[in-house]
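> Spelled out from the first residue to the last, the chains are:
Number of protein chains: 6
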Amino acid sequence: MGPVKLIEYKDANAQVRAVYDDIMATRKTDRVNNFWKALANDPVTLRRTWESVKQIMAPGALDPLTKELIYVAVSVTNQCRYCMTTHTASATNKGMTDAMFHEMMAIVGLANQNNRLAEGYQVEIDDCFKEQS
Amino acid sequence: MGPVKLIEYKDANAQVRAVYDDIMATRKTDRVNNFWKALANDPVTLRRTWESVKQIMAPGALDPLTKELIYVAVSVTNQCRYCMTTHTASATNKGMTDAMFHEMMAIVGLANQNNRLAEGYQVEIDDCFKEQS
Amino acid sequence: MGPVKLIEYKDANAQVRAVYDDIMATRKTDRVNNFWKALANDPVTLRRTWESVKQIMAPGALDPLTKELIYVAVSVTNQCRYCMTTHTASATNKGMTDAMFHEMMAIVGLANQNNRLAEGYQVEIDDCFKEQS
Amino acid sequence: MGPVKLIEYKDANAQVRAVYDDIMATRKTDRVNNFWKALANDPVTLRRTWESVKQIMAPGALDPLTKELIYVAVSVTNQCRYCMTTHTASATNKGMTDAMFHEMMAIVGLANQNNRLAEGYQVEIDDCFKEQS
Amino acid sequence: MGPVKLIEYKDANAQVRAVYDDIMATRKTDRVNNFWKALANDPVTLRRTWESVKQIMAPGALDPLTKELIYVAVSVTNQCRYCMTTHTASATNKGMTDAMFHEMMAIVGLANQNNRLAEGYQVEIDDCFKEQS
Amino acid sequence: MGPVKLIEYKDANAQVRAVYDDIMATRKTDRVNNFWKALANDPVTLRRTWESVKQIMAPGALDPLTKELIYVAVSVTNQCRYCMTTHTASATNKGMTDAMFHEMMAIVGLANQNNRLAEGYQVEIDDCFKEQS
Numbered sequence: 001m002g003p004v005k006l007i008e009y010k011d012a013n014a015q016v017r018a019v020y021d022d023i024m025a026t027r028k029t030d031r032v033n034n035f036w037k038a039l040a041n042d043p044v045t046l047r048r049t050w051e052s053v054k055q056i057m058a059p060g061a062l063d064p065l066t067k068e069l070i071y072v073a074v075s076v077t078n079q080c081r082y083c084m085t086t087h088t089a090s091a092t093n094k095g096m097t098d099a100m101f102h103e104m105m106a107i108v109g110l111a112n113q114n115n116r117l118a119e120g121y122q123v124e125i126d127d128c129f130k131e132q133s
Numbered sequence: 001m002g003p004v005k006l007i008e009y010k011d012a013n014a015q016v017r018a019v020y021d022d023i024m025a026t027r028k029t030d031r032v033n034n035f036w037k038a039l040a041n042d043p044v045t046l047r048r049t050w051e052s053v054k055q056i057m058a059p060g061a062l063d064p065l066t067k068e069l070i071y072v073a074v075s076v077t078n079q080c081r082y083c084m085t086t087h088t089a090s091a092t093n094k095g096m097t098d099a100m101f102h103e104m105m106a107i108v109g110l111a112n113q114n115n116r117l118a119e120g121y122q123v124e125i126d127d128c129f130k131e132q133s
Numbered sequence: 001m002g003p004v005k006l007i008e009y010k011d012a013n014a015q016v017r018a019v020y021d022d023i024m025a026t027r028k029t030d031r032v033n034n035f036w037k038a039l040a041n042d043p044v045t046l047r048r049t050w051e052s053v054k055q056i057m058a059p060g061a062l063d064p065l066t067k068e069l070i071y072v073a074v075s076v077t078n079q080c081r082y083c084m085t086t087h088t089a090s091a092t093n094k095g096m097t098d099a100m101f102h103e104m105m106a107i108v109g110l111a112n113q114n115n116r117l118a119e120g121y122q123v124e125i126d127d128c129f130k131e132q133s
Numbered sequence: 001m002g003p004v005k006l007i008e009y010k011d012a013n014a015q016v017r018a019v020y021d022d023i024m025a026t027r028k029t030d031r032v033n034n035f036w037k038a039l040a041n042d043p044v045t046l047r048r049t050w051e052s053v054k055q056i057m058a059p060g061a062l063d064p065l066t067k068e069l070i071y072v073a074v075s076v077t078n079q080c081r082y083c084m085t086t087h088t089a090s091a092t093n094k095g096m097t098d099a100m101f102h103e104m105m106a107i108v109g110l111a112n113q114n115n116r117l118a119e120g121y122q123v124e125i126d127d128c129f130k131e132q133s
Numbered sequence: 001m002g003p004v005k006l007i008e009y010k011d012a013n014a015q016v017r018a019v020y021d022d023i024m025a026t027r028k029t030d031r032v033n034n035f036w037k038a039l040a041n042d043p044v045t046l047r048r049t050w051e052s053v054k055q056i057m058a059p060g061a062l063d064p065l066t067k068e069l070i071y072v073a074v075s076v077t078n079q080c081r082y083c084m085t086t087h088t089a090s091a092t093n094k095g096m097t098d099a100m101f102h103e104m105m106a107i108v109g110l111a112n113q114n115n116r117l118a119e120g121y122q123v124e125i126d127d128c129f130k131e132q133s
Numbered sequence: 001m002g003p004v005k006l007i008e009y010k011d012a013n014a015q016v017r018a019v020y021d022d023i024m025a026t027r028k029t030d031r032v033n034n035f036w037k038a039l040a041n042d043p044v045t046l047r048r049t050w051e052s053v054k055q056i057m058a059p060g061a062l063d064p065l066t067k068e069l070i071y072v073a074v075s076v077t078n079q080c081r082y083c084m085t086t087h088t089a090s091a092t093n094k095g096m097t098d099a100m101f102h103e104m105m106a107i108v109g110l111a112n113q114n115n116r117l118a119e120g121y122q123v124e125i126d127d128c129f130k131e132q133s
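Protein sequence lines correspond, in order, to chains A, B, C, D, E and F.
The first sequence begins at 1 in this note's numbering and counts up one residue at a time.
The second sequence begins at 1 in this note's numbering and counts up one residue at a time.
The third sequence begins at 1 in this note's numbering and counts up one residue at a time.
The fourth sequence begins at 1 in this note's numbering and counts up one residue at a time.
The fifth sequence begins at 1 in this note's numbering and counts up one residue at a time.
The sixth sequence begins at 1 in this note's numbering and counts up one residue at a time.
There could be a bad hint or two in this list.
A pair counts as met if it fits within one copy or between any two copies, since identical chains are not told apart.
Unchecked claim - Below, simulated EDC-like cross-link-like pairs (lysine to aspartate or glutamate); rule was C-alpha separation at most 16 Å, straight line:
{"#": "1", "residue 1": "LYS5", "residue 2": "ASP98"}
{"#": "2", "residue 1": "LYS5", "residue 2": "GLU124"}
{"#": "3", "residue 1": "LYS10", "residue 2": "ASP21"}
{"#": "4", "residue 1": "LYS5", "residue 2": "ASP126"}
Please keep in mind that the hints were generated in silico from the structure rather than gathered at the bench.
Working from the sequences, and respecting the hints, build out all of it.
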């Protein structure tokens, strides 16, 4: 009923170990976060979630730091302490300064406020923004 | 009870016009979004909100495009169609490509998923992330 | 799959009519809102929900206008357009002025912002607020 | 990565102390809540947020207790424990009784329920509520 | 300001004891969860909430286990740790296996992701789904 | 800025067509929902999301109807009209009766209410639910 058991590498089956190995190789680290050790209770979800993270958070049109900032901003909006903590750490590893963190937080607060002002006043979308993108 | 009346420039008092003028000057445009025309029903909130936006969204440690991407990501998470539409337009004006938009959306979806997985499995924060920042 | 059918008085069974009659008598009106006509598709939920509304929104330690303001504030936070529209109408009927509406909206925006700042900065509760109430 | 460091008065710079002094003078107290000590890591956000709170929560068309009740209702909806705790304390200082607290909580629960019933049944807004306010 | 006092059976008045007795009789147990002991501070809300739970969670067109799974899924989405913990226990008592729990969690994550993709891309409802149900 | 363009089969590239073909084959239908036509603007996300849906929503320890009910319950909680509409249709195809739909809705409303009551009263988890699962 409480937190699920964390599956350590030594107790993991081959399927789980393969994911752990890929996480450590991809991230160039020798540890695996508790998030993955919890998901390992469901190896299918562990693999699917890791493959999604690996694909989505890889460098692309957006650089890795910008991606982490977006991830943290969503996690703060949803108030998920685990995710904001671990991804703030990732963002820091990728070069986020204190000033960047504070600016990101200010935007999260502002957008959460303005989302409600726009909805509460039922503001209609400006004609010039109505064309299909 | 429905949407509030939008206050056009010609119908605005001096206090509201001063804000509209500052919006247009700051953004180098000759139009004011409906959001501001709705807030103008409460000139104190109009001024406070505009001053906050002007301060927070100005270039800083984060560049203006990154700031817009974070703003859109929060608005999509909260499902505020007005804000996601207008700030997607702003992001596009600041150089967001289609590829960037799609990557931002993928991260928003992923974080919304993983926030629930982390909370639902009640994952405890890793010891190495517990030090005070 | 879309909106449920609204059950009009003339098409309602005795169980539903009894609730409609009580709504109209309690509210001193000759019409029933669409919310109730939608819930009437499930007469048990119609009755339970109406009994809850009647009990909770009745005058008590808080006056009816304050109750409506709280109801609207939650509905704006959750961005439920139906509830914010109908309860803004109720609040207006109970004496809400435009100035009151604008102040309520400003608080909703502020709290939505500060909730994220408090969570994102992981502010610990002050010792002086930790005693049991 | 974890909670930010709280900036105490003795360690604060002049800019931060000026805000702390204003908080204590406005609230007629000799202490500053942890929320402000956390925001002090970003003095610009500290000042902006305090100025917003001072403006919005001051007596106006709505009395200070009603304002606190609305603030708490939003914070409970968003499940922000820090904000609900500190603003419940503020509400109590401004005259909130236990009975008022319980009634506010009942409304928050009810609105959160009915928001989903209205959305899930996709209830259309009644014609009589569609006129512009 | 902090958690409310829990009202134990021996300290409860007759009105509260009657609800506790009904909870224990209905659930065939000799204990009452903390949720009810907290609500007992407001006996009217205690009774109303218990009557709602008893009515809604009883076997009906949906079996009790399916009902608990839906309840947990909502609580995980809202990130309410108390409710997800206690209703996961209830679901387990009603036959939920680990495999069922993991599948429910995967759906919760998926829907939270896809809700944002659908909203963020502003997908219009397919014509074939627009008929009234 | 508004809704993205829907990619029809005849305009789709080979990568997108392969996913559309798999959707139609898996679901034994000759049409593809707008959700997929919107995601097709980002073929990588289209494929990843479809593979996740196919894996998660397939029959397993939970039957397909129960899975759809959980999906709808989350979508109603998040107030995503597109997802609740299309997955209500899927649930109906898999045998959901009106009575089941109403019971699911009642649980969603109840859990959304009780989540806030549990959080607002800051109910502590009962000792008996604290053991690790």
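> It remains to establish, for every hint, whether it holds in the given structure.
Hints, verified against the model:
1. LYS5 with ASP98: between (34 Å within a copy, 12 Å between copies)
2. LYS5 with GLU124: Between copies only: 10 Å across chains, 49 Å inside a chain, cut-off 16 Å.
3. LYS10 with ASP21: Result: close within a single copy only, 12 Å intra versus 42 Å inter.
4. LYS5 with ASP126: between (51 Å within a copy, 14 Å between copies)
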